[in-house]
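Each residue of the sequence shown is one higher than the last, beginning at 1 in the numbering used here.
Some clues are possibly wrong.
Unchecked claim - List time: in silico SDA-like cross-link candidates among lysine to any residue, alpha-carbon distance up to 25 Å:
1) K205 to T218
2) K212 to G135
3) K101 to M54
4) K148 to G171
5) K205 to R168
6) K101 to G135
7) K40 to S3
8) K40 to A2
9) K40 to P56
10) K205 to R68
11) K101 to T27
12) K101 to T169
13) K101 to L180
14) K212 to D185
15) K101 to R141
16) K101 to S12
17) K148 to T169
18) K205 to V138
19) K205 to L144
20) K40 to I58
Honestly, the hints are just simulated from the structure, not real lab data.
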Amino acid sequence: MASVLLIEDDASVREGLELALRRQAHTVHTAESGELGLEKLRVFQPDIVVLDLMLPGIDGFETCRRIRSAGEVPIIMLTARSDDFDIVAGLEAGADDYVTKPIEPRVLDARIRAVLRRAVSEKPANDAVAGERHGGLVIDRAGLVVTKNGEPVSLTPTELKLLLELSRTPGQVYSRQQILSAVWDHDYLGDSRLVDACVQRLRAKIEDVPAKPEHVQTVRGFGYRFGRS
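Required output: the full structure, derived from the provided sequences and hints.
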């Protein structure tokens, strides 16, 4: 069971999703605007936020940015369109995943559970070495802590899972499809936008010069690899 904050201005959609999520044993708090959602976020401190992009007042993109600037709570965005610009903009604003309308409640529940698994599913192998050093970047797999030049790096569960997967075998090239399967636990039939947006956010946090990454490197035409230390 998870505590879910659902921010959706359409009353019929909001009430339908709230009922469906409660039937899946989630605790649900709702808000009909971004402003109210931000207030409830501070009060209830949910495990995950389900956020509509098309909101009155503060829109979903700005709401997403404000949520992300305040902490690392996972965010799934809802969009009425499969327009690439909306999806990419939402992911770049900090969303971990997205679902397009009309929404199938069972799909949303599956995405919620998949996102939340990322925070707890990473277990170190018996021979895992805590404090792997890659230049100024240190990855503690046992404690799930990442530091850069001695300072802690705040990562969302999705960003952390991506970093742990790529850094497990430095130098190995992973296709976007392989990364989708390993990190997101589902297959979007070639949807690489989730991977690319998450890589962009991760680079902004762990690279000295994100435009010239030393750790998460692009292999043009195929995917990504974690650079050798």
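Here is how each hint holds up against the structure:
1. Straight-line distance between C-alpha atoms of K205 and T218 comes to about 16 Å, which keeps the hinted pair within the 25 Å bound.
2. A threshold of 25 Å between alpha carbons decides the hint, and for K212 with G135 the separation of about 15 Å falls inside it, so the pair holds.
3. Proximity of K101 to M54 is assessed by CA-CA distance (about 12 Å); at most 25 Å being required, the pair is judged to hold.
4. Proposed proximity of K148 and G171 is supported: the alpha carbons are some 20 Å apart, at most 25 Å.
5. Among the hinted pairs, K205 with R168 is consistent with the structure: their alpha-carbon atoms are about 19 Å apart, no more than 25 Å.
6. A threshold of 25 Å between alpha carbons decides the hint, and for K101 with G135 the separation of about 44 Å lies outside it, so the pair is violated.
7. Proposed proximity of K40 and S3 is supported: the alpha carbons are some 12 Å apart, at most 25 Å.
8. For the suggested pair K40 and A2, the alpha carbons sit about 16 Å apart, so the restraint of at most 25 Å is met.
9. Under the criterion of a C-alpha separation no larger than 25 Å, the hint pairing K40 with P56 is consistent with the structure, at around 17 Å.
10. Taken as a hint, the K205 and R68 pair is honoured in the structure, with Cα atoms around 13 Å apart against an allowance of 25 Å.
11. Distance hint between K101 and T27 is fulfilled; the C-alpha atoms sit about 22 Å from each other, no more than 25 Å.
12. Using a Cα cut-off of 25 Å, the hinted pair K101 and T169 is violated, with the two alpha carbons roughly 38 Å apart.
13. With a C-alpha separation of about 21 Å, the suggested pairing of K101 with L180 holds against the 25 Å cut-off.
14. Straight-line distance between C-alpha atoms of K212 and D185 comes to about 29 Å, which puts the hinted pair past the 25 Å bound.
15. Between the alpha carbons of K101 and R141 the distance comes to roughly 37 Å, so the proposed pair goes past 25 Å and is violated.
16. Restraint check: the Cα-Cα separation between K101 and S12 comes to about 13 Å, which is no more than 25 Å; the hinted pair holds.
17. Distance hint between K148 and T169 is fulfilled; the C-alpha atoms sit about 19 Å from each other, no more than 25 Å.
18. Between K205 and V138 the CA atoms are separated by roughly 13 Å; this keeps the pair inside 25 Å, and the hint holds.
19. Straight-line distance between C-alpha atoms of K205 and L144 comes to about 16 Å, which keeps the hinted pair within the 25 Å bound.
20. Straight-line distance between C-alpha atoms of K40 and I58 comes to about 15 Å, which keeps the hinted pair within the 25 Å bound.
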